[in-house]
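**Student:** Same order as they appear, the protein sequences are chains A and B.
1 is the number of the first residue of the first sequence in the working numbering; add one for each residue after it.
1 is the number of the first residue of the second sequence in the working numbering; add one for each residue after it.
Simulated from the structure, these hints should not be mistaken for laboratory data.
Do not take every clue at face value.
Claimed, not checked - Cut-off 27 Å, straight-line C-alpha distance, at most; resulting in silico cross-link-like pairs (BS3-like, lysine-lysine): (1) K199(A) - K131(B); (2) K168(B) - K108(B); (3) K168(B) - K199(A); (4) K107(B) - K131(B); (5) K108(B) - K131(B).
Quick caveat: nothing in here was measured; it's all calculated off a predicted structure.
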Amino acid sequence: MRQRPLPPEVRRQRFLMTVANHSMAIVLAVVFVTPFIFILATAVMTRQQALTGSFWPHPFVWGNFIKVFHFVPFARYAWNTVVYSVLATVGTVVSSIPVAYALSRMSWRGRQVAFLLVLATLALPSQVTIVPLYIIFVRIHWIGTLKPLILPTFFGDAFTIFLLRQFFMTIPEELSEAARVDGASEFQILTRVIVPLAKPAIMAVALFQFLYSWNDFFGPLVFANTHTWTLAVGLAEFSQVIHRSVLWNIQMAASVLFMLPIIILFFMAQRAFMEGVTLTGIKG
Amino acid sequence: MARIALEGVTKVFGHEVIAVNDVSIEIGDGEFMVLVGPSGCGKSTILRLLSGLDEVTDGEIWIGDKQVTDLPAKERDLAMIFQNYAIYPHMTVAQNIGFGLKLRRTKKTTIQERVLEVAQMLGLQEMLDRKPATLSGGQRQRVAIGRAIVRDPVAFLMDEPLSNLDAKLRVQMRAELARIHARLSRTTVYVTHDQVEAMTLGDRVAVLKDGVLQQLASPQEVFRQPANLFVAAFIGSPPMNLVEAKVGDGDISFADYRLPLPSGTDLSEYRNRSVILGIRPSDLEDADVWTGENRPVIEANVEIVEDLGTEMNVIFSINAPPVVTEQTQAAEEDASTETGIPLIASEGTNTFTARVDPRCRARSGSRVRLSVDPDRFHFFDPETSTAVLSKHPAGLAS
Chain A
1 MRQRPLPPEV
11 RRQRFLMTVA
21 NHSMAIVLAV
31 VFVTPFIFIL
41 ATAVMTRQQA
51 LTGSFWPHPF
61 VWGNFIKVFH
71 FVPFARYAWN
81 TVVYSVLATV
91 GTVVSSIPVA
101 YALSRMSWRG
111 RQVAFLLVLA
121 TLALPSQVTI
131 VPLYIIFVRI
141 HWIGTLKPLI
151 LPTFFGDAFT
161 IFLLRQFFMT
171 IPEELSEAAR
181 VDGASEFQIL
191 TRVIVPLAKP
201 AIMAVALFQF
211 LYSWNDFFGP
221 LVFANTHTWT
231 LAVGLAEFSQ
241 VIHRSVLWNI
251 QMAASVLFML
261 PIIILFFMAQ
271 RAFMEGVTLT
281 GIKG
Chain B
1 MARIALEGVT
11 KVFGHEVIAV
21 NDVSIEIGDG
31 EFMVLVGPSG
41 CGKSTILRLL
51 SGLDEVTDGE
61 IWIGDKQVTD
71 LPAKERDLAM
81 IFQNYAIYPH
91 MTVAQNIGFG
101 LKLRRTKKTT
111 IQERVLEVAQ
121 MLGLQEMLDR
131 KPATLSGGQR
141 QRVAIGRAIV
151 RDPVAFLMDE
161 PLSNLDAKLR
171 VQMRAELARI
181 HARLSRTTVY
191 VTHDQVEAMT
201 LGDRVAVLKD
211 GVLQQLASPQ
221 EVFRQPANLF
231 VAAFIGSPPM
241 NLVEAKVGDG
251 DISFADYRLP
261 LPSGTDLSEY
271 RNRSVILGIR
281 PSDLEDADVW
291 TGENRPVIEA
301 NVEIVEDLGT
311 EMNVIFSINA
321 PPVVTEQTQA
331 AEEDASTETG
341 IPLIASEGTN
351 TFTARVDPRC
361 RARSGSRVRL
371 SVDPDRFHFF
381 DPETSTAVLS
391 KHPAGLAS
């Protein structure tokens, strides 16, 4: 069947709309991608070229990625980062789920107060707590290890608790009640009904925590030492120590290696991540 | 298998809201008990108290020979069916049905057998691997029913299980529930505001209003001998016609009519005083169609005729004010909002409905002659709203 030809003015209008929309999207994409391309390009330049204004690498120095490992103990930093990020993520999720459950789906005296207390900790900037925390960790000889970064995550995270609580509250109460009458204990209701249903929210908070730990600079800088530094701190090394001048090409190569796992993770968990963003209205 | 008993059960929410007020009901082993009443009458709360989802404020609950008042829900071995199905969206049909068994650490093979058995009984065997999102409302409700019966609990609690289904499916599922009950003969407590469900399913019906038990009797008795004005106005569709009438010497008069008192009725206590007279629409019949014994006749101007095919509703107004008491209002509110019965009564006039044979020739605007059966009159005290039991026991059987 032949389609009815559109009136020319409608067609022109639609064409202009499409052009406008795409131009907007392209401009935004360029704005976001340019720094990334700049990093990638610099990562494969020679040291001299990195200091010039030319943009295209000439020649391509792929060896920069190997050199990264010569200047700093990159592998050790990477391992520390993985340990910190994975354990902190596990700790945050495992400890926050039961708290969020208790704050959303169980009724007990003082629940509101407890929830407000949890929320109140969000308002405390870390600069306020860092000194007392440091003193505590010095007393128990944890400074220089990753313990001050990892172990506290096993005691719940206010932001995660808040997010999960809000999500748990959207799950119909009847499902819990049906399970209760079916013979489920409170713990079974949590593990067999609520957690499976809250998977998108849990994925989202896990990703947030992983990203946070991976990128965390302040924590490791304060609590860890050169042996237990993570990549985020390690990266900063490049801009200071080597040959009395900054090796931009090597630093960019290190940055690429630093970002790579996150980018891969993002592509793998893109759906869960986007769901999480729309779910919480919060960007990572 | 067990009897269920509520003894003086009271539930107060917060400090003031009395949802259930000193209700005592004994439900026999295998009995189908229907709790019916307008929204907010406490019927669902009673079910939740029975299930253990809510705690009673006062009173005792017994299941079998065990006092379960303070027992948590999971130890009461009851099964509950919810209005919105409450089936787990992340589990397949088979997992949903088998969930209760799995929690009880039943052997895997036994679970499979039982799930299959129940699925066959409910016609779900083709859908065992599907997720609830792909099922229709009726199928979801079947899954919920399957989940309840698979465990072979001591009793079923059903909270308006059919009200989310469309009309046709509701009729079908109603019959199915009756069939399941006949087959399993398990004690069942069924909450509904639909009086057709109450009348057709219940062995006995408990009518509630504002948390207080109004009448507990068989569906027939609730219909034929309502204990008070509320029950009279609430049960029956179209609702009972009510009018304030004056008791004379052997007769009773209201509006422009004077009718004889039924034989064997003693209303001497009310002589020359008012009494509220109730006449079921079905106890009025077109006098031209009526061929039985001679009956008194009233004449009226027809306002509206609703031809339902199998019968006809003739609606007419009479020259008397409507009966408005707190009890009739409570019943009417529910009727108008939930069952969609039109309240055509305009301010100040009392509207009667007659449910007559479809051969009736009445049309709106025409006159109609209606024969009435005084033996089926209901009388209520205008002050207390309770039924005036004035007939001889023999008259009750009619």
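**Student:** Checking each numbered hint in turn, tell me which of them this model violates, lowest number first.
**Tutor:** 2 and 3
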